[in-house]
Every structure is written in structure tokens, then in C-alpha cells.
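Colleague: Line order of the protein sequences matches chains A and B. Mapped onto this note's numbering, the consecutive letters of the first sequence carry residue numbers -13 to 444. Mapped onto this note's numbering, the consecutive letters of the second sequence carry residue numbers -13 to 444.
It is worth saying that the hints were derived from the structure and are not from the lab. Any given hint could be a false lead.
Identical chains share a label here; the pair holds if one copy fits it or two copies do between them.
Derived pair list, reagent style DMTMM-like, types lysine to aspartate or glutamate, alpha-carbon separation capped at 25 Å [to be verified]: (1) Lys405 / Glu246; (2) Lys405 / Glu262; (3) Lys405 / Asp(-3).
Computed from a predicted model, the values in this text were never measured in an experiment.
Number of protein chains: 2
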Amino acid sequence: MSGNKATPMSDSNLAQFDDLLRRQVASDLTEFLANLPPGEAKRLATRLEANAQGQLFTLLPLGDAAQLLHEMAIVQAAEVLLHLQVERAAELLGTFPSNEQADLIAELKSAAAPILAALPRDVAQSVLKLSQYHADTAGGLMIAEFLAFAESTLVEDVIEDLRLNAVMYSRFHAQYTYVVDAEQRLTGVLRLRDLLLVERTIPLREIMTRSPLRVPADMPLDDLLRLFDRHPYFGLPVVDSVDRLLGVVLATDVEEALSESLDRRMLLASGVWSGEEYRSMNWTNRVMRRFPWLAVSLLLSLVAASVIGWYEETLTAAIALAVFLPVISGMGGNSGNQALAVSIRELSLGLVQPREFLWVVRKEAIVGIVNGVILGIAIASVCLIWQRNLLLSVVVGVAIIVNTLVAACLGGILPLALKRWKLDPALASGPILAAITDLCGFLVALLLADNLLPRGGQ
Amino acid sequence: MSGNKATPMSDSNLAQFDDLLRRQVASDLTEFLANLPPGEAKRLATRLEANAQGQLFTLLPLGDAAQLLHEMAIVQAAEVLLHLQVERAAELLGTFPSNEQADLIAELKSAAAPILAALPRDVAQSVLKLSQYHADTAGGLMIAEFLAFAESTLVEDVIEDLRLNAVMYSRFHAQYTYVVDAEQRLTGVLRLRDLLLVERTIPLREIMTRSPLRVPADMPLDDLLRLFDRHPYFGLPVVDSVDRLLGVVLATDVEEALSESLDRRMLLASGVWSGEEYRSMNWTNRVMRRFPWLAVSLLLSLVAASVIGWYEETLTAAIALAVFLPVISGMGGNSGNQALAVSIRELSLGLVQPREFLWVVRKEAIVGIVNGVILGIAIASVCLIWQRNLLLSVVVGVAIIVNTLVAACLGGILPLALKRWKLDPALASGPILAAITDLCGFLVALLLADNLLPRGGQ
Chain A
-13 MSGNKATPMS DSNLAQFDDL LRRQVASDLT EFLANLPPGE AKRLATRLEA
37 NAQGQLFTLL PLGDAAQLLH EMAIVQAAEV LLHLQVERAA ELLGTFPSNE
87 QADLIAELKS AAAPILAALP RDVAQSVLKL SQYHADTAGG LMIAEFLAFA
137 ESTLVEDVIE DLRLNAVMYS RFHAQYTYVV DAEQRLTGVL RLRDLLLVER
187 TIPLREIMTR SPLRVPADMP LDDLLRLFDR HPYFGLPVVD SVDRLLGVVL
237 ATDVEEALSE SLDRRMLLAS GVWSGEEYRS MNWTNRVMRR FPWLAVSLLL
287 SLVAASVIGW YEETLTAAIA LAVFLPVISG MGGNSGNQAL AVSIRELSLG
337 LVQPREFLWV VRKEAIVGIV NGVILGIAIA SVCLIWQRNL LLSVVVGVAI
387 IVNTLVAACL GGILPLALKR WKLDPALASG PILAAITDLC GFLVALLLAD
437 NLLPRGGQ
Chain B
-13 MSGNKATPMS DSNLAQFDDL LRRQVASDLT EFLANLPPGE AKRLATRLEA
37 NAQGQLFTLL PLGDAAQLLH EMAIVQAAEV LLHLQVERAA ELLGTFPSNE
87 QADLIAELKS AAAPILAALP RDVAQSVLKL SQYHADTAGG LMIAEFLAFA
137 ESTLVEDVIE DLRLNAVMYS RFHAQYTYVV DAEQRLTGVL RLRDLLLVER
187 TIPLREIMTR SPLRVPADMP LDDLLRLFDR HPYFGLPVVD SVDRLLGVVL
237 ATDVEEALSE SLDRRMLLAS GVWSGEEYRS MNWTNRVMRR FPWLAVSLLL
287 SLVAASVIGW YEETLTAAIA LAVFLPVISG MGGNSGNQAL AVSIRELSLG
337 LVQPREFLWV VRKEAIVGIV NGVILGIAIA SVCLIWQRNL LLSVVVGVAI
387 IVNTLVAACL GGILPLALKR WKLDPALASG PILAAITDLC GFLVALLLAD
437 NLLPRGGQ
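Between the sequences and the hints, there should be enough to build the whole structure, so can you do that?
Modeller: Shown next as C-alpha cells:
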């Protein structure tokens, strides 16, 4: 294995791709990519080095390049744009819907300036404006491509407008026509297909649905999800504080944002902090995403384990207990993690409120005690058979029961507490829980041992 | 706290809800629910006991009951239907789109029979047919509500049909009109709004887009996601093996299925097996979801910890090492979990293929070694200052480095291996990884100690 090359010998697709890129024949590249199974072009593109990526997205016809770029994650697509000539980058950026353009600009940070400068002035301004909204709000998710007409517009004028702008509108996700007053305030909505069923000479005012459901630009993702759960709409109009129409938030974009937030949560909960990690990123970047959690949990686990230090004598006298300590703390960690996952999920589904500590404890206690007793008895029996020491097996069994119970209750309420303190439950629950359940497990086991077991050597 | 009641004293909304239910005045209930913040009605409804739930969904007007039921998860909604009179259950079931009807029927299993019997015969048959498809495939996700016309249909006839069936179609997510031949095979597609722009007297054959993109009923979720990533369509037609139109799979439903699968994955990875857990379920159900993983991991952790048993003498002689053993195994677990999460995510995004072991190991090794060395030196320094024992701190530091490195590499490739063996990476990776990293950590530390440290007592 050569250390630097991105091509393991086994990856024949990647080798062929590299080769085609070096030969720079656009049509060969297009054909090669078109014949790959779904998703494979994206995988290969992310494996290329920055230079090769730049070449690829410059050589390909705009449509093909855009399609491939749309498949990639925002972080990765931004990386590609960064290494292209600004004109090409601006051209490609223009193929994205406005909300994704804004995401890309936000991701590029200061590097976005030259690309924005290469865009038509009005487009650049509208993208910049969109990128000001917080990502997981109606404003951050909305698209600026929508149809809006004055109340007095006749149906036939709408149809004429659709005909004249058919090419432009074909990129719109337009299922609705919005109706606004002279101050651009939202007053009504129509489904486009309703226009098929009415006389062409009447104004929209007479056929529109009045006072349609609308959302403020700062409505958070969770509330949007609940709205779309209740109402099977394709999209909802987004308005500012004085009810002016700003954009449309689509149900698909809201669902997609949910998936992305669940994906981030999974990474966070597994200890990958400060943003998404892709293995195609450089290693310093990746180390920095993983180091903080490792450092924090190392420190906390050291604190928890120092309990063992207080009881060195006890442990020396009953060294067989050393085998069971990690088993006891592990049971606590596992039982706590289960409760943690259920709480984080119920919080995000709105099935539990952050103040409902008692309800959660009651629900967790029963599961914790049942599982704890069954497995505590099991492990105590193993201990008894193996070590032939009744007192030791009582210590181990009781420690398992207590630690499983405590961990389940704690794991259940920790996310609620963090949510009340405005912290991200997925981020902070893991390390805190692990430290507490370790500490609790060691403490219970060693305390019991200290009191129940005879001091062998003294 | 009374053990049986679902109402903690603090939950005034729930108490009021309970009270209103007892008084059985439908209009009061409707008003109460309408004034709750978004999501709160759902939370309260899930907290009711089965009887009270039955009363609620019987008393409420059909529209309100349906809206509330639509907000709930499929598992919970199925539970509600189970406790209603069959006529009411059938009525409520009828308000769901066909794909969710099928999900509910699948969830209800044999209990679905009486409800199906209360539905109109053709509806029951079509739902039953839909429920045969695997949930996360095009067939399982598609809706049966779509518009299809023969090629020879005139535009004006389509419009007349839309007018006649406006009420029924208003429930349809119809953005497209499909065109089929005499054998119901898909031959074309039209956007409904395109009908606005054409002469009303020409047949669909002349204006339709021919050979539209279509998907087979057994196309899995991952492939659907990639298709919708590439093409910004609202929906795609689903066909059987001879190209007959079966239904339409909507982009929103595909995105929603992704969120649900990520949600299940988070639970699976946290050790909640055999289905979703809600705390509103009864405790035996919940114990059964958590017990298997606790039992498996207990067994595996016992095997790993038994390594400590082999080295009891070594540990007795260097009892200070006992403090560091859980720290070392914990570092391995954490480092491995990070790599695990990244692999599971990259696999599902299609950024890594199950055969790319070498690539993953190379990418993980560098991150593992950097983090391991930094934290290994840190912990060795702590050990040196605390215990004033150079050899012990070398043992601890080296063990941390080795275990962090091994765990990162293993965590990275385990999901790939499981995927190759057709197992669910999220399900199996956790327990296997924890056992191996524990074992590896203990073994390295105790082996080093055995060779480097002087035997105190002998």
C-alpha cells in the first residue's frame, strides 16, 4: 500500500476513473459515470483529491456536474466548489434550489465572497439573505422559488404567465399559487390544478382559499414537523413579522432536515463532536472531531475509577472481585444508555416534557429492577459456581441490581435535565452518564465488599 | 404517588383531560384539544389508559379524531384502533393514505381481520395487497391514490374527471397524471399544471412525456433515496415486473422512512432491540425490548473480564493498576464507538463499500494513533504524578495507545464485515465491539504489567 494514493489496488472503478480524468476526455467521463450503479459516482467523486475533483467538475457538462454535486452532502459539495474557478462554482451553485444555495454559502463562510461576486447581483443578494436564517427553522429551510400573484389577477393572466415562464418555473416545486395584497402580505392560496376547473376570466380573489395556514420564519424544525404531521400539505408559506410572504417550506425539505438532525445526533451521541465527519476529510480535521469527547470521557472515567483507589486494600483482599468490577459498571452503562436513547427519542417526538422527572423515574424503575434482578441473580450464580464464595456472589449480585436500577433512572432523566438547561441531550448525556454509572457501580460493589467480606491478609 | 394512575399530580393538562373525558361532552373535548400547544394533544393521548383512549377516539368528531391519530406513531395508532369498536376503527383507518393504512394493518397483525371486514370489500382488498410489500421498499412506501388515464383520453376529459371527482381527489397527493396503455402499462407522465398550457381537445398521447422514470416495487429505501437525491421529483411511479402501474412513491414518504430508520437505528445501537419502545407501553413489553441486549452484553463482558482472572497475581502485586483498567477499556470503547458511528453512517450514505476494509483501517489508524498517543501520554503523566511509579505509568500509557488504535480500526471495519454477512451493522456492532475492546484493553495492560512490573509479594 502506498501511503499517499487514494486508490487501493482493489478499487478498480476508482483506478479507471483516475485514468479517465488524466486523459481529460469529457465524453468518456460522462459515459463512464452514466454506467455506474446508483451512488457509485458519488462515492468515487468523494475519494478524489482536491485537484482531481476540480478537474472532474470542470470537465463534465454542467448538467452532469450539477447532478453529481446535488447527490453529495452539503459539506462535501462546498469543498468541491472551493476548489473550482469562481465562474464555474457560481454556475454550479446556480443549479441548486435557493435553500441549498444558502446552505452552501453558509458552509463556505468567507470563501463564499468571490463566488457570490460572480453571481448576478440580485441572485447573490437573495441567497445572502436566505443564508442569514438559522438552518433548522422555517426561514432556513424555505425556498425562494414560489408563485405569487395579486388578488386582482385573472386566471387567464396566471396561465399566460405560466406559459411565458414555463422553462424557469419547471425548476420550481410549484404546487400552489399564493395570493398577496399590495404590501406583499399573504391573503390567499390556490392549488395550481384548481385553475383547471374554473372560468378563466375571474380574478384570483374570488376563487382563492382565504387566510391559509402560514408559518413564521423563525418556527423551529420540531414545530414544522408537527404541523406537517397534522396537515398533509406539500408546502407551507413562510411569512415575516408583518405577514409578508418570504418563501415556501416544503414537506420534503422538513423531512430531510429531520433525517439530517437524526444523523448528527447519532454522531454526537457516539462522541463525534463539532460537525459531521467523512473519512474523505483530512486527518487533522477528523482528529479534532473525535479528540474532545475522548479527552472529556477519559477525565471523567479517571475520576470514577479513582473510587477503586480508595478501596485498594479491600480489593487486594478480595482480588476475585476485580473480574466483576468491569462487568458491574458495564451493566450500568448499558442499562443507562437504553433509557437515555428512549428519553432522547421521546423528547424529540414530544411524548415527554422536560419537567416530567417523576413519570420517567417511575417508568424506568420498574424496567431497571426487573432486568437488574434477573441478571443480578444470573451473575451471582456464575460467581458462586466459579469462585465458590457465597458472600462475594452476594456482593456482585446486589451491586448489579443497584447499578442497573440507578443507571436506568439516571439515563432516563438526564436528557430531560439537559433539555431544561438548554443543552443538547445527545451531546452531554453520554459522558456524564458513563461517569456516574461507573462511579456508582464501583462504589456499591467495593462498599459492600468492604463491609461483608473478610479481610484476607490482615 | 399512587402506583396505578397515569396522572402525576403535576400534570394539570392531563388531569383536566381525564376530567373532561369522564364528563363525555364532545364539544368541550374538541375545544380543550384545539387550545393546546402543538404536539401536546398527542402527548396527552398517549398517556391515557386503553379505556380512556377508546372513549376519546369515539367521542371526538371523525375529523378531529383522525387528525390526532395521524400525529401518533404507527405503533401507537394501531394500539388505539385495537381498542375501538370495529366500525369506528374502520372509519378512522379510512382517513389514512393507503400506505399508512397498510402499515397499520401490518402492525395489527391478526387483530386486523375484523377491522378489514368492516371496510368496503374493494378497499379492504387493496389495503391487504399493499400490506404484502416489505415496509422499506417502493411497494411498501407507495400510495395507491394516483391519477391514470388512457393514452387516447382528451385533455378536456381529464379536466372533466377532475371536476367530477374534485372532493375525492382533494385527498390525493396528485401532482402528476400518469398515462397507461390498454394493459395498464405505464407509457407516459404529465404534470397537472401542464394541462393548463395546452389545447383542451388533444389526446394525452400527444403531450405526455414518454417513458418516464419508474421504479420496481421491490426497490429498497437506499436506492430510492439516491434517486430522489438525483432528481427533484415529488413522486415516482411504481410498477410491477411487467411494467403495470401499481402506485406512486412520494419523496416525502421516502424521506420520512429514512428518518424512521435512523430513529430505529439509534434505538438498536443503544441496545433497545425488537422494535420501538415508548414508555406508554406496558412494562413487560419494555423489559423484553431491553433484556436481550443486557443479557448478551453481560455474557460478553464476563468473558472479556475473565482475562483479569488469569492475572490475579499480577494485579494483586500491582493493585494500583486496578484503578486504570476501567480507564483503559473505556478509552477503547469510546474510540471504537466513534469509528463505528462513522462507518455505519458512511455505509448508509454509500460513501464506503462493505469490501473496503483496507481503506477504512488506513483512515482509522491515523486518527487512532494520534488520539491514543496524546491521551496515552496524558494519562501516563497523571499516573506518574499520582503513583510515582514510572513502570506502571509506561504500562498504562502504552495500553491506552494500543487499545485506542485497535478499537478505532475494529470499530471502523466491524460494520463493514456485518454488512457483508448480511447482518444489521447497528444491531450487532455494539456488543461485539465492547467485548473485544474490553478484552484487548485488559490483556494488553496485564500482559505488560506481568512482564514489566516487579512481583511485589513473591
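Colleague: Each hint should be assessed against the structure and marked as holding or not.
Modeller: Now the hints, each set against the structure:
no.	hint	result
1	Lys405 / Glu246	both (20 Å within a copy, 22 Å between copies)
2	Lys405 / Glu262	both (22 Å within a copy, 22 Å between copies)
3	Lys405 / Asp(-3)	between (46 Å within a copy, 18 Å between copies)
In the structure shown, no violation is registered for any of the earlier numbered hints.
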